[in-house]
Structure formats: structure tokens, C-alpha cells
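With chain A fixed as given, assemble chain B onto it according to the hints.
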Amino acid sequence: MDTTLLFIQMLNGFQLGLLLFLVASGLTLVFGILDFVNLAHGSLYMIGAFICASLTYIFGNFLVAMVVALPITALFGYLIERTVVRSLYERDHLDHVLGTFGLILIVDTSAHLFWGPAGLAVPLPVWLDGQVEIFTGVVVPIYRLLIISIGMLVAAGLFWLVNYTRLGMLIRAGASNRTMVSALGIDIQLLFGLVFALGAALAGLAGMLVSPISEASIGMGGEIIITAFVVIIIGGIGSMKGAFIAAIIVGLIDTLGRSFLDDIFKLVMSTEAAENSAPAVSAMLVYILMALVLAFKPEGLFPPKVR
Amino acid sequence: MKALSKRGWITLLVMVALAILPPFFLWNGQAFYMDLATRLVILAIAGVSLNLLLGYGGMPSFGHAAFLGIGAYAVGIPAYHNTYGGFEIAASYSGVYHIFLAVGLSALFALLTGIICLRTKGVYFIMITMAFAQMIFYLFVSFEIYGGDDGLTIDTRSELPLFNLDEPLQMYMLCYGSLVAAMLIVRMVTRSQFGMVLQGAKDNNERVVTLGYSTFAYRLTAYVISGAMCGYAGALLGNFTTFISPEMMEWTRSGELMFMVILGGAGATIGPVMGAAIFILVEEVFSSFTTYWHLPFGIMLLGIVLFMRTGLLGFLTADRSKTKLKKEER
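These protein sequence lines are chains A and B, in that order. If you read the first sequence in this note's numbering, its first letter stands for residue 7, the second for the next number, and so on. If you read the second sequence in this note's numbering, its first letter stands for residue 313, the second for the next number, and so on.
Nothing false has been slipped in among the hints.
Pairs of lysine to any residue residues, derived as SDA-like cross-links and limited to a Cα-Cα distance of at most 25 Å, are as follows:
no.: 1; chain 1: A; residue 1: Lys272; chain 2: B; residue 2: Tyr458
no.: 2; chain 1: A; residue 1: Lys272; chain 2: B; residue 2: Ile457
no.: 3; chain 1: A; residue 1: Lys303; chain 2: B; residue 2: Ile427
no.: 4; chain 1: B; residue 1: Lys433; chain 2: A; residue 2: Asp98
no.: 5; chain 1: B; residue 1: Lys433; chain 2: B; residue 2: Asn516
no.: 6; chain 1: B; residue 1: Lys433; chain 2: A; residue 2: Leu307
no.: 7; chain 1: B; residue 1: Lys514; chain 2: A; residue 2: Ala297
no.: 8; chain 1: B; residue 1: Lys433; chain 2: A; residue 2: Phe302
no.: 9; chain 1: B; residue 1: Lys318; chain 2: B; residue 2: Gly579
no.: 10; chain 1: B; residue 1: Lys514; chain 2: A; residue 2: Glu305
no.: 11; chain 1: B; residue 1: Lys433; chain 2: A; residue 2: Pro310
no.: 12; chain 1: A; residue 1: Lys247; chain 2: A; residue 2: Asp41
no.: 13; chain 1: B; residue 1: Lys433; chain 2: A; residue 2: Arg92
no.: 14; chain 1: B; residue 1: Lys514; chain 2: A; residue 2: Leu300
no.: 15; chain 1: B; residue 1: Lys514; chain 2: A; residue 2: Arg97
no.: 16; chain 1: B; residue 1: Lys318; chain 2: B; residue 2: Met495
no.: 17; chain 1: B; residue 1: Lys514; chain 2: A; residue 2: Ala301
no.: 18; chain 1: A; residue 1: Lys303; chain 2: B; residue 2: Tyr530
no.: 19; chain 1: B; residue 1: Lys433; chain 2: B; residue 2: Thr527
no.: 20; chain 1: A; residue 1: Lys247; chain 2: A; residue 2: Thr171
no.: 21; chain 1: B; residue 1: Lys433; chain 2: A; residue 2: Leu298
no.: 22; chain 1: A; residue 1: Lys303; chain 2: B; residue 2: Thr527
no.: 23; chain 1: A; residue 1: Lys303; chain 2: B; residue 2: Val536
no.: 24; chain 1: B; residue 1: Lys433; chain 2: A; residue 2: Ser93
no.: 25; chain 1: A; residue 1: Lys303; chain 2: B; residue 2: Ser526
no.: 26; chain 1: A; residue 1: Lys247; chain 2: B; residue 2: Tyr436
no.: 27; chain 1: B; residue 1: Lys433; chain 2: A; residue 2: Gly228
no.: 28; chain 1: B; residue 1: Lys514; chain 2: B; residue 2: Ala529
no.: 29; chain 1: A; residue 1: Lys303; chain 2: B; residue 2: Tyr525
no.: 30; chain 1: B; residue 1: Lys433; chain 2: A; residue 2: Asp41
Quick caveat, the hints were computed from the structure, so don't treat them as lab data. All values derive from a computational prediction rather than experimental measurement.
Chain A extracted, bound-state conformation (with noise of 0.2 Å):
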């Protein structure tokens, strides 16, 4: 095994890791907080890779449309918990399923009508287009380097904000008892529309970076939300600390297994079989360290202490 392909991969897969974690953080946090399963979480991510994708070619610039575009991604996601998801929180999980599946539907079939069937491509400023050499011989775009930066960034102000802030702190607070934290006279509505819109943020974040690599496209949201799912499930539903080092699992996992498993088989069967075997298997390896964790431990590595 070569060496320099190795570390190439491990930062791809730490990259995919990162974009993860900025998925299912929004998840969790909002299941933890608001007892809230979003299937539509998925559409919020697209929505931002469209928005941003539409206000580079307004403003021509892939970073200031970015900026522009996450309040409008948070402002979306606040009025989609203001308009439907509040009416839901009364009723069972199931019942959120169905609720935001319909929600699905409606996102990104509007999508599709606003955008048209094709993917938006995303083009990059020249500067980081390129590719740059990290040690000799290792040669990284750029571009994914911006990408692991802010990732990293984004989850360290995510524990800053939960950990040692007065909104974090109310953030815990309703986590563990929602009762309690109204009667102090805290606005819980406000809380949770706050929330919520801090989730459609990160998601549409994840998104928008994305976009240059992969474009904008409708049904990016539905593949990334089951692997969301699959990350906080392992993670243990509602703590960020099991969505961040599960995200970084599942996605080192995911992508060494698609570069390295048909290696690995060789040594222990024909070529034949391992060229055979090796895509269905790295296809499913996520799911079965899904199983793995769940059939040791069922609530998930890191289960949220009080629920």
C-alpha cells in the first residue's frame, strides 16, 4: 500500500467526515433539544447548495455568496419551523416522519420547478483552484483544504457556543428539561426557532461546500441525510460529541473502504473474487458498523446522559 494515496485518503475521508459532522450536528441538536425528527434536514442542505450556487453567479464570487447565503439558509429554516415543524412537536416521532417526508416532497419539487432539473456547477475563485504540495510528493487541492479549515472551525465554535455560552447553556438546559427552563421565564418558542435555524445553517453550510466539488443537485439532500442518520445513530441521538467522532468514523471508514478494501481482500482471496466482492462490501461497510455498535450497544456510543 502506497503511502502517499494513504494519506490522500485519510484527508478526503476526514474531509467527508467533517461535512458529516455538519449535518448530523444540526440533526441532533435539533432532536436533542426539540425532540424533533427531521427527515427534511437533507433539503435544507440542498437548498443552501442552491442559493449559494445562485448568488456566485450574482455576485461572482463563491466566498461573499457563502456569507450572504447562510443567514438566508438560517432565515428559511427558522420560517419552515415558524409555518410547519411547530405544529408537529405535539405529536409522536412518527408522525414528524410523515410530516417532514411530505415536506421533502414539497422542498424539492420547488426546487426542481426554481432551478430547473439540472445541477447548478459552482465555480471556483482561481486562487483556490489549484492544488498545492504539503510534503513533498503529497499533492492536495486546495480547495479541500479550505474545506477541512472550516469544518474544523465550525465545530470548535459549535462546542464553544453549546459549552460555554449563555445560549448553549439554555441549549442544555431545554435539552434536559424543557419545563423547568419556561418556567424560569425563558421564550422556549424562540429557543427552538433558534435552533432549528442554527441546524438549517449547518447544513446549508455542508452544502454549499460541497457545491464546487459535486454541484448543486436535487436529490443531493436525500443521499446524505440517511448517512446523517446512520452518523448519529452510532454517535448516540442528541450528543454532539458522539455526531463528531462518529461523523470522522463513518467517514474515513467510507472512503478508505472505497479506495483500499479490494487491497485488503487480495490478501486473503483470488483477485477475481476480491475485484467482485470489494465495491458491494466497502458499499455497505458504513451500515454494518451501524449494526455493530447497535447490537453491543443499542442508544449509541455516546448516549446524551439525561433524557
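Just chain B now, kept in the frame of chain A:
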């Protein structure tokens, strides 16, 4: 023999209509409606199987489309090898063998995933069934030999005794008969002692456990029965469409199946059949005047979740003489 209840009359009416109308359309030269009806009946079988879990067992499986896919590929793969060679042990056109494979593999998949899924409940259960279905989806996408993403055309339908599946009417008769059988099985299961334990565990698991029942074993059995039944529906679907692809087991398909059950009315044998009928009708009507038919469909789904909790059957059989139930109770 006691008189039929309101629900019994509706069941009878729907089933008689399904028996008479489609052959009439065919005879009248409207083969298109016959096709719609066949699809309806097959989806209804899948819905009936899901209802056993969702309506009676309180297990909201969000991955039932996987069983449809497994069943369909259990027809497609042996037929493919019989046509193009390779993998001789599995190659066959025999319908009995296809159905055996579809039911057997679905049951096996249900058993293996059920052991893990049923360790969890509620929202975890929803997500995990969904994730396992997605795993099967990606598995079939990665099978390049069977067309991968592009799907697989079934050149020759299953060869069955008594039924020639190339004949639309005979195809329909088989599907209709299977639906009746599926409904009878679910009815029988839910009225047996087994079904009582299952429904009891749905309402209050601790109480049933305290009575000495291993509810896990009961639930797992129900999960396997339901999966096998849905796999059978998949074998019919493969034979009906003669084109199968991983797309048919995407998680949105599972969502549609669940929607059918809720729409028709969960926990009643006829509910999923009515749900499938409405689904097919809505799809047909909306998609005839706009390619964006998912938009009104989504609005309808959201509206039903928000405002019509009991499904169509509950709406039809509601006793209006009584005072309205307190809505806030849910």
C-alpha cells in the same frame, strides 16, 4: 352469522370492485387501467404486510421497500443467468423457485436485520430500518453485472403452473388472489393468540412482558412474516414491470409505502388497500397534468399528517353521533 360492520361493508365493497372493475376495463379495451389496477394490487400486498408491523405491532418500519427490491431481484437474477449464462446453480425461469427465493431471502434479511432493529424502539427503529434498506439499495447499485444503477430488464417472466404471467388478466388474477390471501393471513395472525400478544406489546410492552411473554420473539416473528410477504409482492412487481432497478428500494419508496398504510388507515386489514388505491389515483391524476406532481402530493401528505390523523378508513367509519374526540389528547 352477525351482520357486517361498517368496516366490513367497506372491505367487501373495495374487494368486489377490485375483482370486477379491472377485467371489465380490459374487456372494454382499456388495458391501461388494468395495468394501474395490477400495480395497485401489488402495492396493496406490500402495504398489507407493512400494516402487520405498523398497525398491529407498533413497529414503524421505514425500510420496507428493500423487501420489494429483494423479491424483484430474486426473479430478475435467476432469469438473467438463465438467459445469458453464468452462475448455473441459481439460473432458472421457474416461478415456484423464484417465489421460494424471494420469500426465503426476504425472510432471512428480515431475520438478520430484525434481530438488531428490534433491540431498539421508536425513532431509533425508524432510522435503523431505513438505514438497512439503504444498505441493500447501495448493495444492488454496486452489482455492475446486474446493471448497477441502470437496472435490469427481465426478458422472460416467471413460469408458473396455472398462470401465464404474460397474459395481463392472468397476471391480475394471481395478484388479486395473492392480495386476498395476504389479507386473510394478516387477519388470521392478528386474531390469533400470537396477534393478541403482538398488539398487547404495542400498547404496553412491560405489561405483556410481566405476563411472561418474550415480546422480542413475537415481534421478530411478525417482522419476518411481514418481510417475507413483502418479498413476495416484490416478486410479483418484478414480473409485472419486467424492469427492475435499485431505485425501487430507495428510502423514498419506503416512505410512500408507509404513507399508503397511514393514509388508508393503519390497524385495519382493508386500510392499506384503500391507501394504495388513493396513492395510485393521486399519482395518476397529478402526474397527468404536471411533471411536478410531487408538489401537490407532498402538500397532501403534510395536510393529512397535520389534520387527518385517523386515515381514510377512520374518517369513513367515524361515529358522528358521538361527541368529537378531544384532539389535544394526542
